[in-house]
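Asks: Here's the letter readout for the chains.
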Amino acid sequence: MSKANNSRTKTLAWNGVKLYIPNSWDSRFPKNQHIIFEKDFTPQLQLRWEKTKRINPNDLRKKLIDFSNTSCILEADTLPAAWSEVRGKFDLLLLAGKDNFTSGIFYYKKQKLIFLFEVLNNNSSALKDSVKSITSLSYSFQSDTLWQFQDFSFITPYRFTLENYSFAAGLTHLSFKQADLTCHICRLGPADQRLEQQSLESILETLVSAKAVLSCGQGNDNTYSLKREPSVWQQIKYRLRRQHPFILAEIYHDEQYNNLLAVVLSSRQPITIEPAHIFKKIE
Amino acid sequence: MKFFEQKTKQAAITRPEALVCVPHHSSSVYWSEREDGTIFIEYKLDLKPFFVSIVRKFSKQPERKITKKLQLDETGSSVWKMIDGRNDVKSIIKAVSENSGLTMQEAEISVTTFLRELGRRGLIQLQ
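Chains A and B supply the protein sequences, listed in that same order. When we follow the working numbering, the leftmost residue of the first sequence carries the number 33, and every step to the right adds one. When we follow the working numbering, the leftmost residue of the second sequence carries the number 1446, and every step to the right adds one.
Treat the hints with caution; some may be incorrect.
[To be verified] Listed below are the simulated DSSO-like cross-link pairs for lysine-lysine, each with C-alpha atoms no more than 30 Å apart in a straight line:
id, chain 1, residue 1, chain 2, residue 2
1, B, Lys1526, A, Lys71
2, B, Lys1489, A, Lys42
3, B, Lys1535, A, Lys50
4, A, Lys160, B, Lys1526
5, A, Lys63, A, Lys83
6, B, Lys1539, A, Lys42
7, A, Lys63, B, Lys1489
8, A, Lys42, A, Lys94
9, A, Lys63, B, Lys1539
10, A, Lys85, A, Lys71
11, B, Lys1502, B, Lys1535
12, A, Lys71, B, Lys1539
13, A, Lys269, A, Lys142
14, A, Lys160, B, Lys1489
15, B, Lys1526, A, Lys164
16, B, Lys1539, A, Lys50
17, B, Lys1489, A, Lys71
18, A, Lys164, B, Lys1539
No wet-lab data here; the hints were simulated from the structure. Since we're looking at a predicted model, the values are computed, not measured.
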């Protein structure tokens, strides 16, 4: 994962949200729009977000009360000094808590997006790190979405919706959908052990698990691609079998992090997205 | 009546509780390290008394212990060696993450799945 503005933090980007977190933090993703940050398996901060049709301050207060399980709320103009930077960045910030104000809600008014957060570790350095992380938060609206977690990163085109994801030892898999198009992104590691047993070509064929691939190609030693563009009659056959006739897949060997990164696109229509754009280098 | 008694379900252990548990080898397990560093385990297979009684009834040969043999791979062997009654699950996960280059999340999934399988076979116990 690339280091951010200084060497003590790293970038995390998940489902539109991007923020800088301390290097010692790990992240877990219980849901599409829910992140829990941990340090040494101790939860530090949790962040949730959701889109809403209307922003009503009273609804926000009620949401915060339900989330934090307390009725003690600090309004925007009475926030402690530590939160002043966060307050200046978002359209509204409310804090809640029993002894310490460690839960909060803020929103982007124009984009109708609500964020709920809770600082789970009460010590002063964890609170300071949490405030800095929340202050660094940004969200990508109506543009390509950056994903950066574990040790790889990729960009999904605008309007790709996260459908499913799973984390297993050596295999991270995310699937996206945009209208007819389905996109599967996989990270397989460690690459050296996998390439000892199988070639890049056979690994990609296993991932695609599609027959009658019409053309294939190897860009260089570290990439391999597969394509299926059937004729009209074959398209009808595939559609009758409820399969996507068009497939475009690529696999890359990331030598820096010893990973294999694969993207598999399938659709009922010809695919116009270039897989190379998805894994372009993030600076 | 005992027949209608509901079995009390054991409360599921939470993740923080599981991470501080200390695993140790079961006393009835025999294991050895081979020349290549992998671990070979032999353990007694617990059959239900009903099947044991059938075998005893119809078998003319003297009753012998039925054991199962298991050979662990490199990663499994290194985790097995760390199960010494002193390392908790958290430190095993950290060590696996550092040695194998997996992320912490991947190491956690891998180690906990492995420990769960060892526990299911009765090879380890958690304190």
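Asks: Any of the earlier hints contradicted here, and which numbers?
Replies: Hints 2, 4, 7, 8, 10, 11, 13, 14, 15 and 17 not satisfied by this model.
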